[in-house]
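Student: Chains as they are written, first to last, in the numbering used here: chain A, 110 to 380; chain B, 7 to 388.
Derived from the structure by calculation, the hints contain no laboratory data. Note that the Cβ used here is the ideal one computed from N, Cα and C, for glycine as well. Be careful, since some hints might not be right.
As the list claims (entries may be wrong) - On the chain A side, residues computed to face chain B include the following (Cβ under 8 angstroms):
(1) Cys126
(2) Gly166
(3) Thr172
(4) Ala184
(5) Thr185
(6) Val187
(7) Ile369
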Amino acid sequence: MAVKDYIRQRFFPQIWCAGCGHGIVMGGMVRAIEQLGLEKNEVVLVSGIGCSSRVSGYLDFHTMHTLHGRALAFATGVKLGMPHLKVISPMGDGDALAIGGNHLIHAARRNIDITAIIMNNNIYGMTGGQTSPLTPFGKKGSTAVLGVIEQCFDIAELAKGAGATFVARTTTYHVKEMIKMIRDAIAHKGFSLVEVMSQCPTYYGRKNRGGTAVDMMKEFKEGTAPKGSKKLEEQPGFIERGILVNEARPEYVSSYMDLIEEYQNQRDNSA
Amino acid sequence: MGTNIKFIQGNEIFAEAALYAGVQFFAGYPITPSTEIAEILSEELPKRGDKFIQMEDEISSICAIIGASLTGLKAMTATSGPGFSLMQEAIGYAVMTEVPLVVVNVQRGGPSTGMPTSVAQGDVMQARWGTHGDHSIITLTASNLGQAFRMTVEAFNLAETFRTPVILLFDEVLAHMREKVVIPASGEIEVVKRLRTSVPKGTNYHPYLTREDGRLPMSDFGGIHRYNVTGLVHDMWGFPSTDPKVAYDLLHHLVDKLENQAELLARYKTYYTKDAEILLISYGSSTRSALHRIEARRKRGLKIGLLELQTLWPFPRQTVRRECEGRSHILVVEMDMGQICQEVKKAVSEPDRVFLANRIDGNFISPVDILRALNMIQGKGV
């Protein structure tokens, strides 16, 4: 199937601002799904609220646009309800880590086979540029005009600590890498999370003198380095990209199916 | 097969009735006084090949059952006041997206943490208006465990018929008491199956296009028809719209589909009402004391009767108005500060004849409490 066949073209052009990175992430998701050869009816997108959550409306899968922060909770019901489906949650940093932080860590702990694609633009875009739990210390937003005085999360470390079995980080600059990571994440059995650093020139860029979208993407190129690279070794201040966790652990829905089987065996044995 | 008679606890009967109604998915979070429902279903559902999950909170519990219901499963959760408060946003989402589901709220003393192991009926208005925005919702209750069984099955049936969340507003006394229940045989009570679309694969399916009979056939999420579900105002395809006409029509559809059927949805019972001069109105476990008092007063020749409401929302206004017509006094018996009493006043032609007998201290309202109120309205002092 061609990539464009996965898109609901009638809703284009999309609502994102000029220069926004989210369209690149959406493009990456579609290409990853295309490379996996998934049927449109096999895929469910469950998103929350925010700029990133609008991805679900533009793609021709089973799509759910739910409540702010709750995408993974709805997704859990869908996945357990119909285990054969590929359930993917496109999320934002505020959506996934602030209001939805609890669901994120519990989905990771359960190791339920859902893929979270977190578009991290370090700010709340939809509401006009307020700081998020991913706004780095000292950076500005409309609710912290002198700079934020809180520490920010490291999404990958958080997910790892919570028990996610696949964690990766990339940026909108590294599109080929992103496609591969999303592909691997979807194919992974268990909870998988891909953090994609995405530029918000309209709010984050403007408030923090980040320049244009191109300047911000250049920063992604120059300020990050692949896991295990010499560059990263020499410059520990660089942000690490790559598949940071990839391990096998019992997946929730499979374990649940085993539980059903155990009950049925008990019944058969007692009969 | 002989009659299936059980001496059983309220929460056990709610779970048993849900299984009778065909529940296939439960997500919940422990909370007193409803926890036994989750405990029972955590064993019974996997035994049947169905799904149970204990979520991280009540918010995720209701979100999970919405997701599961969309995949075609009959889904429910059970909670009490604080958990019910947390569920309100998602109840609105289920109203907006027209997803069938059942929420059991075993009421306890409130507000806030209140009295977790004491009885109250203070969530009546929250069941109606807890989520934001204009909407309508179905809320049912019961006063004994046999009825609770039937109302639970009814809740699943109405959820499927009207594509709406249905609240089962039980209370601590009902949930924790034990009594004899004749469990209906399989097939004795009708169980409504999900209405699925007959639109074939490859043909446009509209998830929000109402049929001539007012019903909206569903398609299992993840099945042959792809569509969008959103809490935004949406068109018949489920896609967001800001068209004022679409918004107007959707809001009217969501409210009218239930409010216009209020009398059809009215479930109630009358006791000794034929010649009654004084009418008691009650619901839930309070009804038990009301009925006890009525039977005692009847023996002394007082013409007194009872209207027991089983449907609380949409409020059965016509029924209440009709039943109150010509009575000298109306006494509403409930364990809150008059939440249904106010609705009764709005429904009747002479609201100054409506009085309240209540109890809000965590103690179960007794026949003596009702006697005191009766004496007062009859001018006999307290």
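Student: All hints, please: hold or fail.
Tutor: Against the structure, the hints come out as follows:
1. Of the supplied interface hints, the one on Cys126/A is violated, with its beta-carbon coming no nearer than about 18 angstroms to a beta-carbon of chain B, more than 8 angstroms.
2. Annotation: interface hint on Gly166/A holds; nearest CB of chain B at approximately 6 angstroms, less than 8 angstroms.
3. For Thr172/A, the interface hint holds, since its Cβ comes within 8 angstroms of a Cβ in chain B; the closest pair sits about 5 angstroms apart.
4. Against a cut-off of 8 angstroms between C-beta atoms, the interface hint on Ala184/A holds, since the closest Cβ of chain B lies about 6 angstroms away.
5. A least Cβ separation of about 5 angstroms between Thr185/A and chain B falls short of the 8 angstroms threshold, and the interface hint therefore holds.
6. Using the Cβ-Cβ criterion of 8 angstroms, the hint placing Val187/A at the interface with chain B is satisfied: the shortest such distance is roughly 4 angstroms.
7. The interface hint given for Ile369/A is met, as the beta carbon of that residue sits about 5 angstroms from the closest beta carbon of chain B, less than 8 angstroms.
Checked against the numbered hints given earlier, this structure breaks only hint 1.
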